[in-house]
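Colleague: Each chain, letter by letter, is given below.
Protein chains: 2
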Amino acid sequence: MSKVAIFGYGTIGSGVVEVLEKKREYIKKQAGEEISVKYVLDLRDFPGDPIEKILVHDVQVILSDPEVDIVVEVMGGVHPAYEYVKSALLAGKSAVTSNKALVAACGPELLQIARERNLNFQFEASVGGGIPIIRPLYTSLTAGDASGIFGILNGTTNYMLTKMFDDEMSYEDALAQAQALGYAERDPSADVEGFDACRKIAILASVASGQFVDYQDIPTRGIVGITQEDMSLADLLGYGIKLIGRFSVAEGKPYAEVTPMLVPFDHALYPVKDVFNGILVDGDVNDAIMFYGSGAGKLPTAGAVVSDIIDITKNSGRTIQAGYSAEKLELADLSACKRAFYVRVAGAASSDDAARAFASSFGADSYTEIEDGTYAFITEPMTRAAADKLCADAPGSVNIIPVID
Amino acid sequence: MSKVAIFGYGTIGSGVVEVLEKKREYIKKQAGEEISVKYVLDLRDFPGDPIEKILVHDVQVILSDPEVDIVVEVMGGVHPAYEYVKSALLAGKSAVTSNKALVAACGPELLQIARERNLNFQFEASVGGGIPIIRPLYTSLTAGDASGIFGILNGTTNYMLTKMFDDEMSYEDALAQAQALGYAERDPSADVEGFDACRKIAILASVASGQFVDYQDIPTRGIVGITQEDMSLADLLGYGIKLIGRFSVAEGKPYAEVTPMLVPFDHALYPVKDVFNGILVDGDVNDAIMFYGSGAGKLPTAGAVVSDIIDITKNSGRTIQAGYSAEKLELADLSACKRAFYVRVAGAASSDDAARAFASSFGADSYTEIEDGTYAFITEPMTRAAADKLCADAPGSVNIIPVID
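Chains as they are written, first to last, in the working numbering: chain C, 1 to 405; chain Z, 1 to 405.
It is possible that some hints are incorrect.
Chain copies aren't distinguished; within one or between two, either way the pair holds.
Within a straight-line C-alpha distance of at most 20 Å, the following computed EDC-like cross-link-like pairs (lysine to aspartate or glutamate) qualify [stated by the list, open to error]:
id, residue 1, residue 2
1, Lys28, Asp284
2, Lys273, Asp287
3, Lys22, Asp145
4, Lys298, Asp282
5, Lys389, Glu18
6, Lys298, Asp217
7, Lys273, Asp166
8, Lys28, Asp69
9, Lys28, Glu18
10, Lys28, Asp58
11, Lys298, Glu116
12, Lys22, Asp287
13, Lys86, Asp187
14, Lys22, Asp282
15, Lys86, Glu67
16, Lys253, Glu25
17, Lys29, Asp284
18, Lys29, Glu116
19, Lys298, Asp284
20, Lys38, Asp69
These are calculated hints, taken from the structure and not from any lab test.
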């Protein structure tokens with residue numbers, strides 16, 4: 001019998017209780033022993049809820065109970081999640097979290113404490129909701145290095161971009177609809193500024209490389225500034241636009257970024273629409289593999305948490321994943337890399353000749369126009385600095401977006 | 001130091017040697033110890049090849065060497081692969097195979113021998129080449145039952161169907177092109193008759209259900225009989241046609257089949273084209289998740305084999321996966337299930353009224369025609385028996401294909 005304490009009785013926490021209860025027999029078979037919830041920790045009361053009798057408000061009750069084998073942190077935020085999980089590990093309990101902010105900020109320290117004590121700190125649900133991606137990275141794609149990870153990691157922005165592309169919605173209308181459906185917060189900045197995707201790609205990059213990739217080192221640009229005109233122009237050029245979290249290794253140098261990218265129609269990530277996530281992993285041994293599914297949802301995310309609980313229960317007394325070391329991976333400077341860019345010029349009535357000349361200065365043979373003075377083209381491979389320099393001479397306002405490589 | 005013997009020095013066998021050699025340091029880090037190849041078994045000689053000095057022709061040399069921890073069976077076929085792997089397990093060695101025929105035919109017995117001796121018998125590469133699917137099924141999607149698996153599991157037929165759909169090729173030309181590119185054998189029946197997909201879905205169904213699903217129980221229909229006209233008609237109706245291996249549980253009853261299916265344009269499996277594989281797993285806890293990638297290839301497949309070797313090395317002395325029991329899962333009769341079918345009628349010049357009346361007898365409001373006398377429609381949900389009975393009155397030759405559900 002393995003006993004679990006759950007920190008936080010919100011959507012995911014109540015989902016974990018529900019899954020462990022409803023699938024009790026099935027999970028017992030998977031784990032080799034019964035898994036039961038001994039405590040739920042929350043500041044709130046839940047009168048009438050069956051968990052009322054195991055609800056505690058004081059984390060010390062859990063930390064000091066030697067019967068608790070595993071704590072499950074699903075509160076969100078870095079504090080006090082960090083203090084609670086660290087205390088639990090120091091008290092000899094393994095920990096599972098769905099909290100990307102916690103893993104991105106404190107993963108190296110928590111993994112190290114777990115390793116030193118033959119415990120486990122697992123976080124499958126922190127990226128991609130119910131899509132298995134963390135565990136496949138360290139148990140299946142183990143024969144070679146991951147040379148590139150390209151992920152649509154944020155369902156909210158993917159939903160908005162899909163509405164803008166497929167239904168020709170404006171950015172503002174797409175955001176309003178995402179908010180109305182509960183996909184986006186009233187303050188949508190964590191999603192639309194790319195902060196959420198940034199933490200997720202930092203976690204994937206850390207697991208894939210085996211070294212800590214600090215999310216604060218990752219150049220991050222969200223979808224603010226992408227217009228419906230960009231969607232129309234990209235479409236005419238043969239591309240969609242997706243918000244991509246990317247980690248790659250080229251000539252031994254590691255790169256990471258979060259940015260909108262133009263994705264050609266025949267690319268595996270192109271059909272990833274609405275709130276779905278898709279994570280493409282390329283390697284020096286494996287070919288490109290995509291993991292695809294809904295990146296959120298109460299039960300699927302809870303299911304990923306429960307899969308970690310089962311894995312830890314099956315492996316009691318031993319650290320099963322290396323996770324990654326606390327040694328920081330120094331990212332190389334992406335701006336020195338040559339790649340193709342989409343350049344959109346708007347707001348200036350240019351002659352055809354002027355537009356053609358401007359596109360030509362980027363090595364583009366042609367350009368695509370949607371209305372007088374708004375046009376776009378794909379550059380030949382160049383550094384971002386070179387593209388920016390050429391754009392200083394633009395006949396109107398410009399938007400530069402890299403093309404996926 | 002873990003020592004490995006490889007049975008068979010063909011494409012995958014030489015790939016395994018190559019990966020273990022080229023990625024020696026990386027793999028050592030992943031496995032926690034060095035993994036080296038002590039023997040390669042093959043009937044042939046390979047003069048000048050570096051493996052020459054570890055090549056043996058007699059399996060007994062390997063079976064009687066206590067230094068060999070893991071044997072890797074990549075010869076293909078059931079015999080003598082079965083005898084060699086069984087003997088190795090009985091001699092206290094774990095085993096890895098990429099051989100779907102062996103797993104489908106002898107998996108229950110080999111798994112049982114491994115379990116009884118705290119050894120492992122693993123077969124990640126037997127389905128989907130380098131795509132991780134077996135291990136995610138038993139280590140990640142563990143919180144709930146898999147209620148449905150729909151897989152494009154055979155790259156050769158998917159390539160042919162793609163050529164027929166996208167390039168309007170005839171079946172014969174698509175097959176000839178697949179053969180010219182080395183995707184299809186001179187005798188293509190294992191692919192085009194669905195036998196390969198049948199063994200693969202049997203393995204997935206066994207792992208997902210925890211009980212032995214006998215491939216011989218699975219109704220199997222290949223792509224023979226699919227015409228270019230079917231492709232055009234499906235396209236007009238809003239579908240592609242894919243060869244699907246399917247395992248599902250509905251109202252507690254397990255079903256399995258291999259059959260071409262109509263797949264709507266907005267379905268996750270629709271964009272899986274050319275030689276790619278895609279496996280969709282739906283569950284009572286997880287939402288639908290797709291694993292996508294190239295289902296073959298020397299290094300990716302070898303990489304999947306090596307991931308099994310690493311997993312076994314990390315878990316020396318303990319059986320890490322339940323696999324599935326030798327108890328056979330009795331499949332329910334699919335022909336009693338109601339579902340929608342595509343019905344194509346060809347070769348009889350019918351009046352519009354006659355075609356409309358025929359479609360209407362299946363509950364279809366309308367039909368789609370490509371030339372006089374060749375038309376198709378989608379039925380309302382009905383049993384296959386009911387559809388067959390109605391087709392007895394068809395005004396021409398018919399082709400009936402289920403629509404994916």
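Colleague: All hints are to be evaluated individually against the structure, with a verdict given for each.
Modeller: To see whether the hints hold, each was checked on the structure:
no. : hint              : in the structure
1   : Lys28 <-> Asp284  : between (38 Å within a copy, 16 Å between copies)
2   : Lys273 <-> Asp287 : between (23 Å within a copy, 15 Å between copies)
3   : Lys22 <-> Asp145  : between (39 Å within a copy, 11 Å between copies)
4   : Lys298 <-> Asp282 : between (29 Å within a copy, 15 Å between copies)
5   : Lys389 <-> Glu18  : neither (56 Å within a copy, 46 Å between copies)
6   : Lys298 <-> Asp217 : neither (31 Å within a copy, 37 Å between copies)
7   : Lys273 <-> Asp166 : within (10 Å within a copy, 22 Å between copies)
8   : Lys28 <-> Asp69   : within (16 Å within a copy, 31 Å between copies)
9   : Lys28 <-> Glu18   : within (15 Å within a copy, 40 Å between copies)
10  : Lys28 <-> Asp58   : neither (29 Å within a copy, 44 Å between copies)
11  : Lys298 <-> Glu116 : neither (33 Å within a copy, 39 Å between copies)
12  : Lys22 <-> Asp287  : between (38 Å within a copy, 16 Å between copies)
13  : Lys86 <-> Asp187  : neither (30 Å within a copy, 61 Å between copies)
14  : Lys22 <-> Asp282  : between (37 Å within a copy, 17 Å between copies)
15  : Lys86 <-> Glu67   : within (18 Å within a copy, 42 Å between copies)
16  : Lys253 <-> Glu25  : between (48 Å within a copy, 18 Å between copies)
17  : Lys29 <-> Asp284  : between (37 Å within a copy, 16 Å between copies)
18  : Lys29 <-> Glu116  : between (29 Å within a copy, 18 Å between copies)
19  : Lys298 <-> Asp284 : between (35 Å within a copy, 12 Å between copies)
20  : Lys38 <-> Asp69   : within (10 Å within a copy, 42 Å between copies)
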